[in-house]
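Enquirer: Let chain A serve as the given structure and place chains B, C and D on it in line with the hints.
4 protein chains.
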Amino acid sequence: MRTSRLEAFSDGVLAIIITIMVLELKPPAGHSFSDLVHSTGIGLLTYLLSFTYVGIYWNNHHHMFHLVQRVSGGVLWANLALLFCLSLFPFTTGWVDESTFAQTPVVIYGVNMLAAAIAYFVLQTVIIRRQGADSPLRQAVGADMKGKISPVVYLTGIFSALLIDRGGHMGVGIALACYVGVAIMWIVPDRRIGRIVEDYETSD
Amino acid sequence: MRTSRLEAFSDGVLAIIITIMVLELKPPAGHSFSDLVHSTGIGLLTYLLSFTYVGIYWNNHHHMFHLVQRVSGGVLWANLALLFCLSLFPFTTGWVDESTFAQTPVVIYGVNMLAAAIAYFVLQTVIIRRQGADSPLRQAVGADMKGKISPVVYLTGIFSALLIDRGGHMGVGIALACYVGVAIMWIVPDRRIGRIVEDYETSD
Amino acid sequence: MRTSRLEAFSDGVLAIIITIMVLELKPPAGHSFSDLVHSTGIGLLTYLLSFTYVGIYWNNHHHMFHLVQRVSGGVLWANLALLFCLSLFPFTTGWVDESTFAQTPVVIYGVNMLAAAIAYFVLQTVIIRRQGADSPLRQAVGADMKGKISPVVYLTGIFSALLIDRGGHMGVGIALACYVGVAIMWIVPDRRIGRIVEDYETSD
Amino acid sequence: MRTSRLEAFSDGVLAIIITIMVLELKPPAGHSFSDLVHSTGIGLLTYLLSFTYVGIYWNNHHHMFHLVQRVSGGVLWANLALLFCLSLFPFTTGWVDESTFAQTPVVIYGVNMLAAAIAYFVLQTVIIRRQGADSPLRQAVGADMKGKISPVVYLTGIFSALLIDRGGHMGVGIALACYVGVAIMWIVPDRRIGRIVEDYETSD
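Chains as they are written, first to last, in this note's numbering: chain A, 193 to 396; chain B, 193 to 396; chain C, 193 to 396; chain D, 193 to 396.
Simulated from the structure, these hints should not be mistaken for laboratory data.
As the structure is a prediction and not an experimental result, all values here were calculated from the model.
Heads up, a few of these hints could be off.
[What the hints assert, rightly or not] Below are the DSSO-like pairs computed for lysine-lysine, each with C-alpha atoms no more than 27 Å apart in a straight line:
| no. | chain 1 | residue 1 | chain 2 | residue 2 |
| --- | --- | --- | --- | --- |
| 1 | C | K340 | B | K218 |
| 2 | A | K218 | C | K218 |
| 3 | B | K218 | D | K218 |
| 4 | B | K340 | A | K218 |
| 5 | A | K218 | D | K218 |
| 6 | C | K218 | D | K218 |
[Said to hold, decoys possible] Which chain C residues face chain D? A few, computed with CB under 8 Å, are given here:
| no. | residue |
| --- | --- |
| 7 | F201 |
| 8 | G204 |
| 9 | W269 |
| 10 | F276 |
| 11 | P282 |
| 12 | G286 |
| 13 | T296 |
| 14 | D326 |
Positions of the beta carbon are idealized from the N, C-alpha and C atoms, including for glycine.
If we strip away everything but chain A, and leave its shape as in the complex, we get (with noise of 0.2 Å):
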């Protein structure tokens, strides 16, 4: 099986994720800016967060399969499981947003990140499974330093609102942080993995 339709299905499933947040932001009732401000200023902010988040997974996906050239059954089912765990960012991003970042709601966003990230993990490790002794994504992977952190961040900004936060804002604070921080490490472009898929272009 050729990769080109798990990554049209993977594409139309990740822009739908991506656009449909921001129905959730509903135009405020009044007429003012300081309507805009206080009904959709929290909005804008959790659907800039998640439009990110789900950006960084279709940059990360696109470079993967680049990287792999024919998909099995475990591969689709893998792939499907990463999908459904994004597709529940327009749910936990909306409970935080109307919740005003109450407690359980950012735990709760923080355990959908952190399947996310898993799932994904899980999908890397069945596509350099199949590909063998030899992978070209394990040597693009490499000691995979961003993977194994996002998820030990994630666990401290979830332990962070569940125990630090009661009565006050800091746990909640710190989790944030957390989510944020996570979101701005992978941003930054890995040079790494770009020079080994042009590489392996070049020599194809």
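Expert: Leaving out everything else, chains B, C and D in the frame of chain A:
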């Protein structure tokens, strides 16, 4: 007519169906973990089931069209009929969820699944007829045991919910077990089809 | 400019239009079979009709662009005008459904169909002009009987609903019969175009 | 990295943005023609304007990427920033519509357009830089008069609405005229770019 645009269109429709179901999930009114479980627990489970079903159809559709080179008008319309049945999933899933597994919605959900299975079978038959005597799809499908068992299991579920469920919940329980069972049967990858596809592509 | 991205974009828009109409269908408040029939029966029928119409446009669009190699700015904009008309289907379909076939919504639904037919005709004409004297599309379209009959039937429907429907339901009934009739006329595959497309591809 | 997946993903997002705006249009409560005009008239006009804008961006995006062979991480992120700005159109359009052209929503709509124009300019600049000295896109863009005039006109509209509109409607009127004017300017096809694209493809 080549299959590329039919595949792209079907991918688009399936990507939308699989993603908009999550729009049915409204963030809970409260902000606690028990609010989440009570108001969205069943929604998440039905969403997972329907997501899995659409994923199965996408996988099978993907495999099937690997063995198709050209499409006729009949294939286009049989494919649209399948997409129509699948496009009703968000509606029937939403009803099952909102009614907390009431009898009629569970029956209608099963009828929707049965209709999709029949539409898929019709599409498969139209393609095989068009391909003629040495149809590669016919070989790949073979005895089509799964395709023959599924409608029987759906019907078992539908009639269980209809007939047994007088006062108790056992009929609905059997129906749901049937629907989940068919999904599990299909997730197990069909090694046979995979092998024939590979042979077919190698011989290209 | 090649046609691939125009086709991909149009496929995306048509896939969304055909699928979001089902979002208009709200699960019935009650949980019985008669609740389903009373609250969603008409919705399902109008959805089926509009789904069929969008399917017909997709089929014809698909066939038409098989005969087009390059697109100009004029073709891009004529195509966008067609997509705009089709994108209003969920709105007009929703109004027909909600009003239970009231006079004005049925008229506006017909106007929407007429506008889409005119936009399709303009697109076809722009392409034929650009292709010049021996345009393959002009040959394929031929006398374009269906394309000429359809607007006449739409207008008959629109004026029946407007003029006859004073107190009774006959005008609306004729209009709906007209709309359904055009759909049936188009579902029957256009063998002639299929043959010319095949000739064209073989001669490639 | 080739551009095909970036184009497919952008097509998907733009197709969704252009189509979900119509979801903002709710069928009128009444069933008469004047209900339609009063409750949806403005909505239809703003939808048409925003549809045209997204259509213009899709057209320009389409032309631009005809001149791009490979994408870098910077291009991916600049493209996502553009898609983010465009994804806010349904929200700002909805607010303009609901408020019946109140001052602040009209200003914010202009800011949204300005942000999209800037994001497009950044994307163009990132691509030109990456293509180096003899960038085909730089040649195609040339003096980029339209690209330079548009933000000035947007700013004129924004400040007209902000400063003139005290008590009367003239400021908002000027702003809307500015927004419509830019759209008309862009619909007129850019013959120059078309010619360069053709030269470029012929020389391939």
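Enquirer: Check each numbered hint from earlier against the structure, then list the numbers of those it violates in ascending order.
Expert: Result: hints 1, 4 and 14 break, sorted rising.
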